[in-house]
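**Student:** Next come the chains, spelled out residue by residue.
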Amino acid sequence: MSFKDVLMPFTAWKNLFIEPVTIKKPDQIQGASRYRGFHKNEVDVCIGCGTCEEICQNAAIDMMPVEGIETKDGDSGLRPMIDYGRCCWCALCVDICTTNSLTLSNSFKWNSTDPDDFRFIPGVDEKYWNNDKLGYVKADGYDLNPVERVEMGELHPEERDRSFVEMVTGYSREQAQKEADRCVECGICTATCPAHMGIPAYIKAVREDDMEEGLRILYETNPLPEICGRICTHKCETVCAINHKGDPLSIRWLKRYIADQVPSDKYKEILGTDKIEGNGKKVAIIGAGPAGLSAAHYLALMGYSVKIYETLKGPGGMVRYGIPEYRMPYDQIDKDIDYILSLGVEVQYNTKVGEDIQLEELGKDYDAVFSATGLHLGRSTGIEGSDHDKVYQSIELLRKVTLEEEIDVAEKIVVIGGGNVAMDITRTLARLQNKKYGKVNVLTTCLESEEAMPADEEEVIEAREEKAVIDPGWGPQKIEIEDGKIKGLHVNKCLAIFDEEGRFNPKFDNDNKKFFEADMIVESIGQGMDISYTEKIKDQLEFGARGRIIVDKKSFQSKLPWLFVGGDIIEGPDVIHGIANGHKAAVGIDTYLKDK
Amino acid sequence: MKELIERLGTKFPVNETVFQRDNLTFITTDKIHAIELITHLRDYEGFSHLVIITAVDWIEEGLFQLTYLLNNPKLKVDMGVRVMIDRKEATMTSSHHLWAAVATYQRELYEMFGIFFPGSPRIKEPFILEGWDGPPPYRRDFDTKKYAEDTYFPRPGRETHDPAEHMKEKMYPEGS
Chain H
8 MSFKDVLMPF TAWKNLFIEP VTIKKPDQIQ GASRYRGFHK NEVDVCIGCG TCEEICQNAA
68 IDMMPVEGIE TKDGDSGLRP MIDYGRCCWC ALCVDICTTN SLTLSNSFKW NSTDPDDFRF
128 IPGVDEKYWN NDKLGYVKAD GYDLNPVERV EMGELHPEER DRSFVEMVTG YSREQAQKEA
188 DRCVECGICT ATCPAHMGIP AYIKAVREDD MEEGLRILYE TNPLPEICGR ICTHKCETVC
248 AINHKGDPLS IRWLKRYIAD QVPSDKYKEI LGTDKIEGNG KKVAIIGAGP AGLSAAHYLA
308 LMGYSVKIYE TLKGPGGMVR YGIPEYRMPY DQIDKDIDYI LSLGVEVQYN TKVGEDIQLE
368 ELGKDYDAVF SATGLHLGRS TGIEGSDHDK VYQSIELLRK VTLEEEIDVA EKIVVIGGGN
428 VAMDITRTLA RLQNKKYGKV NVLTTCLESE EAMPADEEEV IEAREEKAVI DPGWGPQKIE
488 IEDGKIKGLH VNKCLAIFDE EGRFNPKFDN DNKKFFEADM IVESIGQGMD ISYTEKIKDQ
548 LEFGARGRII VDKKSFQSKL PWLFVGGDII EGPDVIHGIA NGHKAAVGID TYLKDK
Chain L
16 MKELIERLGT KFPVNETVFQ RDNLTFITTD KIHAIELITH LRDYEGFSHL VIITAVDWIE
76 EGLFQLTYLL NNPKLKVDMG VRVMIDRKEA TMTSSHHLWA AVATYQRELY EMFGIFFPGS
136 PRIKEPFILE GWDGPPPYRR DFDTKKYAED TYFPRPGRET HDPAEHMKEK MYPEGS
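So the sequence lines, in the order shown, correspond to chains H and L.
Counting from 1 along the first sequence, just add 7 to a position and that's the residue number in the numbering used here.
Counting from 1 along the second sequence, just add 15 to a position and that's the residue number in the numbering used here.
Keep in mind the hints are simulated off the structure, nothing from the lab.
Note that the coordinates shown come from a computational prediction; the quantities given were computed from them, not determined experimentally.
Glycine included, each C-beta is placed from N, C-alpha and C at the ideal position.
There could be a bad hint or two in this list.
[What the hints assert, rightly or not] Here are a few chain H residues that face chain L, going by a calculated C-beta distance under 8 Å: (1) GLY55; (2) GLU60; (3) ASN65; (4) ALA66; (5) SER83; (6) GLY92; (7) THR120; (8) ARG126; (9) ILE195; (10) THR197.
Chain H extracted, bound-state conformation (with noise of 0.2 Å):
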């Protein structure tokens, strides 16, 4: 042993007055920036999709409802939970998040003798680190879910501007599959679907391409899936979780997939609808558009004996007499509407109820009736000169179209509206002009700005691609009439549509006008029902806004106990709430004649 060996252990005593390297209160040693600690949620962001508890391996998350957070549409209204005797920081609830809301704090220090402590809603409990700035964020530019959606394939405008062909294509089973792998199954679409249709799992169906059990989900909520295919205003996928960082799912596309894949003899043996055992009941539907299909459907199911009456000549009602055919094929209407006449429903044809037959005797003949006779008058401007014969209704034209009878196109066109009806119009129109003059010259004008108008954007962008020419913004004044001829539409600057108590009531700067030259202009405003068959009963309805009869909004049920009406008299328009309704409806009419 060496001299200093045995000195050494005195030396150490020296460390007794240098300054100490251990820190005694470690609070403020911060993680570094992308230290993944503790979880913050933007709450108000956040729309409670539960993808974070659905991939969370360590089963750490639950979904809870908080108080003063609401449930609604696009927002489950529960915010993620999270255990952290459970969470291993692996951060895969973050980088799934579909609205980025979920982020790691770099906190990660946090003392308490009470476990349940440890488990709380980041973003709704107050912590320390709410307020974090660094921590552990998505990295931009890579996402676990794909954010793009799997392009649709459409005809090119040249393919398309002469011809009612189906323009759009629908998808492969590759790209089909693809497109529903990137669905994360929350069910926020449900909710807003007006039919509340099992959106998550007739998408799995197309993942697991078990295209069976995806026409019995389909079904289960909405007998018309080819229809809903193609022309649903798709309001699920508004709402859809992946709308949030990227293009939602094409859920529209994937329903007409669906459909697509299932040839009409089928059907019977995959739903178990071929035999029906009948209850010896009778229920009369006026009007077999969607609403009244849908009520015949699952009325036809629950074993009642259903009569439809309809005015015109086949059935469909505005799916086939108001959409032009090249968005909406007429051999796909008859697929879904033939399944539903197969179930033994049926349909007496040119009757009109309140002419060729009376409401009252219905409701003597059968044990209850539905009524769904939807919108088909047109709405007129009533401007100066709109009682020109040259003067069209949309609704009118589109259908004569579908009848194949004769519309004497003019070469120079203005149309008067800016939602979908009016584009539909618009590019029919366009196309009878390509046919007969070989060029487009058709003009579309509404009160509405290009970004407050109703039609969808799509259906603008198209329009435009045919050639039609869309000027919107302005308020048509006068049509200027020639010699009994028509020469155009004056308008002016529409500077604001709605006044300050949010009524109708279009304010036009007069300074800034304009001429379109025409000879011959049709109105698409809007359209109107006609419930003239009411009018002897009418004393025994109650009516509300705008002359539309007061129903129960479960049961679709008026206060005539055996009448029920629904469609677009009653909410809407459009056919999936006029599906919704008729389904209510027929489950109405079961439980009133089960009570009866």
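Put chain L on the given structure of chain H with help from the hints.
**Tutor:** Frame of chain H, contents of chain L only:
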């Protein structure tokens, strides 16, 4: 580095080369020649330091990829030697005689991926998973969530809500 790879190529099978950065190169070699090649790199090419041994589960291809990351302290360059081995017969020649740390890496690989290194010291002793009775957890067919649910009990009082069901209850309780 290119010269080195060429030199190696004359002695050993070098199947694939990735020049990741100036100071990092990956080569892929055969299972039978791998340890011999690593020994050569250590003894004749100055790669005296073992940085790490790690694995990747290529479940779709039925392979495990082993990567031996070596460092040449003089040249300040790294070389990763990759070896693909069969996933079903997950066995690799041990290299614990080259560096003392190898045995520990191999113990970890056995525990996490189930890759066996015959003759490696204490190979079957638990590394960090004392009392583990499940399959090797880094294998991609290991269902972490199922294991967690089966093995650990939920904290008493925990409950959760399905978003779609909750919305139905709140927004349309009468059903569709």
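**Student:** Does each hint hold? Answer for all of them.
**Tutor:** A quick look at each hint next to the structure:
1. Restraint check, GLY55/H versus chain L: the minimum CB separation of about 6 Å is within 8 Å; hint holds.
2. Interface hint at GLU60/H: satisfied, since its Cβ lies 7 Å from the closest Cβ of chain L, which is below the 8 Å cut-off.
3. Because the smallest distance between the Cβ of ASN65/H and any Cβ of chain L comes to about 5 Å, under 8 Å, the interface hint for this residue holds.
4. Proximity of ALA66/H to chain L holds as hinted, the smallest CB-CB distance being about 5 Å (cut-off 8 Å).
5. The restraint placing SER83/H at the interface with chain L holds, with a minimum CB-CB distance near 4 Å, inside the 8 Å limit.
6. The closest approach between the C-beta of GLY92/H and any C-beta of chain L is roughly 6 Å, which is under the 8 Å cut-off, so the hint is satisfied.
7. With a least beta-carbon distance of about 16 Å to chain L, the hint placing THR120/H at the interface is violated under the 8 Å criterion.
8. Annotation: interface hint on ARG126/H holds; nearest CB of chain L at approximately 7 Å, less than 8 Å.
9. Because the smallest distance between the Cβ of ILE195/H and any Cβ of chain L comes to about 6 Å, under 8 Å, the interface hint for this residue holds.
10. Evaluation of the THR197/H hint against chain L yields a held restraint, the C-beta minimum of about 5 Å falling below 8 Å.
Hint 7 from the list above is the single one not met by this structure.
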